[in-house]
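Protein chains: 2
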Amino acid sequence: MIFPEQVTIRDVTLRDGLQNESVFVETEQKIEKVKEIIAAGFKRIEVTSFVHPKWVPTMQDADELGQRLPIILGVEYEALVPNKRGLDRFLQSNFHSAVLFLSASTAHNQANVNKSTEESLEEVTELIAITNKEGRKTVGAISTAFVCPFSGEVPYEEVEKVAEALVNSGVNELGLGDTIGKATPRQIYEYSSRILEKFPDVPLSLHLHDTYGYGLANVMAGIQAGVRLFDVAQAGLGGCPYAPGSPGNIQASKVVQLLEKQNINTGLDIDQILKLDIEFPKLLGSSKVLTKTV
Amino acid sequence: MIFPEQVTIRDVTLRDGLQNESVFVETEQKIEKVKEIIAAGFKRIEVTSFVHPKWVPTMQDADELGQRLPIILGVEYEALVPNKRGLDRFLQSNFHSAVLFLSASTAHNQANVNKSTEESLEEVTELIAITNKEGRKTVGAISTAFVCPFSGEVPYEEVEKVAEALVNSGVNELGLGDTIGKATPRQIYEYSSRILEKFPDVPLSLHLHDTYGYGLANVMAGIQAGVRLFDVAQAGLGGCPYAPGSPGNIQASKVVQLLEKQNINTGLDIDQILKLDIEFPKLLGSSKVLTKTV
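Top line first, the protein sequences correspond to chains H and S.
Per the UniProt record's numbering, the very first residue in the first sequence carries number 1; after that it's consecutive.
Per the UniProt record's numbering, the very first residue in the second sequence carries number 1; after that it's consecutive.
Hints listed in this document are in silico derivations from the structure and should not be mistaken for laboratory results.
Just so you know, not all the hints are guaranteed correct.
For lysine-lysine, the following BS3-like pairs were computed, each having C-alpha atoms within a straight-line distance of at most 27 Å [as the list claims (entries may be wrong)]:
{"#": "1", "chain 1": "S", "residue 1": "Lys261", "chain 2": "H", "residue 2": "Lys161"}
{"#": "2", "chain 1": "S", "residue 1": "Lys161", "chain 2": "H", "residue 2": "Lys261"}
{"#": "3", "chain 1": "S", "residue 1": "Lys161", "chain 2": "S", "residue 2": "Lys115"}
{"#": "4", "chain 1": "H", "residue 1": "Lys182", "chain 2": "S", "residue 2": "Lys261"}
{"#": "5", "chain 1": "H", "residue 1": "Lys261", "chain 2": "S", "residue 2": "Lys198"}
{"#": "6", "chain 1": "H", "residue 1": "Lys182", "chain 2": "H", "residue 2": "Lys198"}
{"#": "7", "chain 1": "H", "residue 1": "Lys182", "chain 2": "S", "residue 2": "Lys275"}
{"#": "8", "chain 1": "H", "residue 1": "Lys182", "chain 2": "S", "residue 2": "Lys182"}
{"#": "9", "chain 1": "S", "residue 1": "Lys43", "chain 2": "S", "residue 2": "Lys282"}
{"#": "10", "chain 1": "H", "residue 1": "Lys261", "chain 2": "S", "residue 2": "Lys182"}
{"#": "11", "chain 1": "H", "residue 1": "Lys275", "chain 2": "S", "residue 2": "Lys182"}
{"#": "12", "chain 1": "H", "residue 1": "Lys43", "chain 2": "H", "residue 2": "Lys137"}
{"#": "13", "chain 1": "S", "residue 1": "Lys35", "chain 2": "S", "residue 2": "Lys282"}
{"#": "14", "chain 1": "S", "residue 1": "Lys261", "chain 2": "H", "residue 2": "Lys198"}
All of these numbers come straight from a predicted model, not from anything done at the bench.
Start from the sequences, fold in the hints, and give me the full structure.
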């Protein structure tokens, strides 16, 4: 087994952790939390999504966040960009990186954005080209890169096809998402190894969910494959809103403890993170419940 | 990473799963459960301990179990043997294998049996020699082989010293126990690799607890090191009696699903195991609460 000296952890709490919640966390409080996340040592933070507020009302303050986040040397803010309209908004913000996303599985992509993977790929590669031209960084995030909730295991070839188109369009970084937490360590290892072998010059991240308790085993498998960047959420937020209490994204404190105990340096402050384990759920509990706007 | 074709899973529910419970499961019901465990495909079953019934009243029926278990070709029953008196009882039973145990950490060994590791080692190696001479199989189980609740991380050298003495006394199999669930994948991998390298002719098992959620990651790390035999308990029984609901031994259903999904064959029937996930806790709920006899 390989135990690298260092691994980077990206915080996605404010985006994937809050996205499907039924409460709206006030902008002011999101900014406070970003500061606390930075105080814990995180340098890469996925903050929001430029999706239409009608569809994802928890992300309705993306434009305001894009103006008001504290500019700190070495801290990189990222935001999801779902389409051309979102990109226009993104380009008027101060976010460093645009996360352009689509699903490797057409069944999931269709359910998510009402397009085939092929159609989304065409749009996403165009958005990547524009974003790069405007001097911003692009992250190509491939959802359901392992298992699709509708069609089951996603063949590696489909994932590579999407990754290849993203790389050809000039994407600066790739991400593979185990969207529903059903990938096994073996799948994580095999898919990640092959992507890294095929595109050795493009950094690769893993976005893992802990739905079935495979989160930590999958982190270790990703490391074995050569992945050095992992997404986490504070308090493991981001579980399915229809299954309260179900684990969501892999939990920051658990991942950091696992790595640091193995002398894999994350540069993060576990005590600060343990505080966020308590404070984030409290914040959700005290936030305003959203009224359906759609 | 390595994904072997086959791994063996040993059931320890009736011993480590029940040992610290505050209820006594009737002998008749234990035998019923053994039959169900066999029906699920398990071929190695750790059933009880020949400890003095005053100390561990849940195991008070070891002698009776040793006479009444169904003899089935290919099924191997094991029992813990703590001392010479226990060995005498064991040798009058029909159990196939005696599990002789001690802690690599002297602090834990002292707390457990009121002897230093050195003193226990002398006794255990004698017991191994007698047991082998009597034609029964011996398993040398090293507790706190990674982390001790009192003295913290256990140096590898101490574990190897114990293992070496056990091997020299003719033990047929070695086991390393992560008694409190605090070992990391890195420690599991490194200690197991080194033990297997040092004693390549002695089969090695891992006894893992899921107390901190490292169970599945540690199974994968053990496999990478070359371990092909793992202990599990149905329903993850064996948690600390002072922390109800805390995970105990790694859970049979979780381990089997993890392995089978990765095409690592266990020879087990997951549907039967999922039934035991439900039935074991029910059985505990309906069993007689023990009155302290010590």
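Exercise for review: Quickly compare the C-alpha distance for H/Lys182 and S/Lys182 to 27 Å and report which way the hint goes.
Suggested key: With a Cα-Cα distance of about 25 Å, the restraint between H/Lys182 and S/Lys182 holds, given a limit of 27 Å.
Review point. Given the hint that H/Lys43 pairs with H/Lys137, does the C-alpha gap stay at or below 27 Å?
Key: holds, 15 Å
Review point. Taken at face value, is the distance from the CA of S/Lys275 to the CA of H/Lys182 at most 27 Å?
Key: Holds, because 22 Å separates the two Cα atoms, which is no more than 27 Å.
Practice item. Sort out whether S/Lys282 lies within 27 Å of S/Lys35, counting only the CA atoms. Key: With a Cα-Cα distance of about 17 Å, the restraint between S/Lys35 and S/Lys282 holds, given a limit of 27 Å.
**Study point:** Given hint S/Lys182 paired with H/Lys275 - CA-CA distance at most 27 Å
**Key:** holds, 22 Å
**Study point:** 27 Å limit on alpha-carbon distance, applied to hinted pair H/Lys261 and S/Lys182
**Key:** Between H/Lys261 and S/Lys182 the Cα gap is close to 10 Å, so the pair holds against 27 Å.
Check your understanding: Is the straight-line distance between the alpha-carbon of H/Lys182 and that of S/Lys261 27 Å or less?
Key -> holds, 10 Å
Point to revise | Pair hint outcome, S/Lys261 versus H/Lys161 [Cα-Cα no greater than 27 Å] | key: OK: S/Lys261 and H/Lys161 at ~25 Å, within 27 Å.
Check your understanding: Taking only the CA atoms, is the gap from H/Lys261 to S/Lys198 under or equal to 27 Å?
Key -> holds, 26 Å
Exercise for review: Compare the distance between the alpha carbons of S/Lys161 and H/Lys261 with 27 Å, and conclude whether the hinted pair is satisfied.
Suggested key: Holds, at roughly 25 Å.
Point to revise | Hint consistency between S/Lys261 and H/Lys198 [alpha-carbon to alpha-carbon, up to 27 Å] | key: Judged against 27 Å, a Cα distance of about 26 Å means the pair holds.
Exercise for review: Sort out whether H/Lys198 lies within 27 Å of H/Lys182, counting only the CA atoms.
Suggested key: holds, 24 Å
In this structure, every one of the numbered hints holds.
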